[in-house]
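Chains as they are written, first to last, in the numbering used here: chain A, 38 to 299; chain B, 38 to 299.
Among the clues, some could well be false.
Copies of one chain are not kept apart here, so a pair can be met inside one copy or by any two copies together.
Unchecked claim - With a straight-line Cα cutoff of 30 Å, these simulated BS3-like cross-link-like pairs (lysine-lysine) come out:
| hint | residue 1 | residue 2 |
| --- | --- | --- |
| 1 | Lys-201 | Lys-187 |
| 2 | Lys-70 | Lys-101 |
| 3 | Lys-287 | Lys-221 |
| 4 | Lys-204 | Lys-254 |
| 5 | Lys-101 | Lys-63 |
| 6 | Lys-101 | Lys-254 |
| 7 | Lys-289 | Lys-232 |
| 8 | Lys-224 | Lys-299 |
| 9 | Lys-63 | Lys-216 |
| 10 | Lys-221 | Lys-201 |
| 11 | Lys-195 | Lys-232 |
I should point out that these hints are in silico values taken from the structure, not numbers from a laboratory.
Read off the chains here:
2 protein chains.
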Amino acid sequence: MTKKVKKELPIILITNDDDITSPGIKALVEAVKDLGRVVVVAPDKPQSGMGHAITIGAPLRMRKMDLFGDVESWQTSGTPVDCVKLAVDKVLHRRPDICLSGINHGANHSINVLYSGTMSAAMEASIEGIPSIGFSMMDYSYDTDLSAAKVIVAKIVKSVMSKKQDKHLLLNVNIPSGKIEDIKGIKLCKQAYAKYEEDFIERTDPHKKKYYWLTGKFKNFDKSKDTDVWALEHNYVSVVPVQFDLTNYKLKEQLEKSKLFK
Amino acid sequence: MTKKVKKELPIILITNDDDITSPGIKALVEAVKDLGRVVVVAPDKPQSGMGHAITIGAPLRMRKMDLFGDVESWQTSGTPVDCVKLAVDKVLHRRPDICLSGINHGANHSINVLYSGTMSAAMEASIEGIPSIGFSMMDYSYDTDLSAAKVIVAKIVKSVMSKKQDKHLLLNVNIPSGKIEDIKGIKLCKQAYAKYEEDFIERTDPHKKKYYWLTGKFKNFDKSKDTDVWALEHNYVSVVPVQFDLTNYKLKEQLEKSKLFK
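Based on the sequences and whatever the hints tell you, model everything.
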């Protein structure tokens, strides 16, 4: 990705949000360990749904682990975003050449990109000027078959590393579950407009006080064929290029014309 | 905003990330309480830096409070995003006409929009189809003078409520500290490309184990005059229209042309 000293291996930083012991991160390490010097810095506990959270009010712990054979690994008490920050500042002491996050147990398509710790870690790296990819599987179960996902991951990472990319390149990759022969291909997509229709389940504790569990039904409002939801429903791997500039330029122009704040 | 039954007051949902007792949320309530029926649903503890976190693995508590005179208020054990979800599903049993988040003690300009619980609450509402505004003050201190901010907030909310807006309207408003006469005006801006250069401070605990505090220097890489950082440095209120579609369409087109994944 960046110019390297002769024969120096590219550094591949790996993190996730499910925690350092999850099968998904192990599969990710195995899929790319021959493509460079892999270093894992990942949370010591599940951090799903953490979004772009960072740890401000508490200190962070980090310790070296021995979980991936000859691949260096560290676990931290922080969020996925904290892991990327710690990796750059305290483990690698430089930017890695690429950052990979996942493989997440569960989909991060459409609006889920906003809630996803997997994608936030990748986005943090992208802000830092590190090309980054977040990988997620459509299957939530921990004992899902990750063999097809490993083939897809290796293919995509090899492609991205095969030439110089924009330093802010950021991809949200979702992989259908099933066998490799069932996957129809890789599709560049846009993020579908979908949301969860919330339905909090109300319970009562032994002290007669109410509490609530967040649940919700996924609803896709975007029926076009160029979305990640469409691709996944049709057994394609979805690749959504993602940006961290959240400015809504179209709305900005409309508001400028309307002179709303004059 | 939406069509209402004759004479029914618009419902204004207020939340924040500093917690329900912070001076900022009180100032926000005071600034807009004459513009509709205000309902507060906010976290019971500080949630700064929570980004778009949601609570999946634990149940949520919620209880009615009496903190704002005749304004209905509820505190929850959840994140800012959880508060919006609970407000719609369990308090209001409908979408409010507008959602306001803040006033945050501390700036949420440029890249901070991604880490901000204040803006994530507003974004969650926007995804739900509720026009939303997040307000933040440039001053982190809790005893800052909020009188100028209240005038600005009232002006902006009145403008937005004065006509029908796009249901996904989402604004990130940052207000300079100081007196109202020092503020030069309100500027529509884009999000500056800036980041924090991390610098973890290493300490050793009484058991001789290391721990780390996240700190960082803010660096603005975007010197153009249409950014929120520029506006705030020149004593303007910055208003950045924000979107939740993170698709990088330009990069998508480039990757399509390059046939990277073919």
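**Message:** Flag every earlier hint the structure violates by its number, smallest first.
**Reply:** Every hint satisfied by this model.
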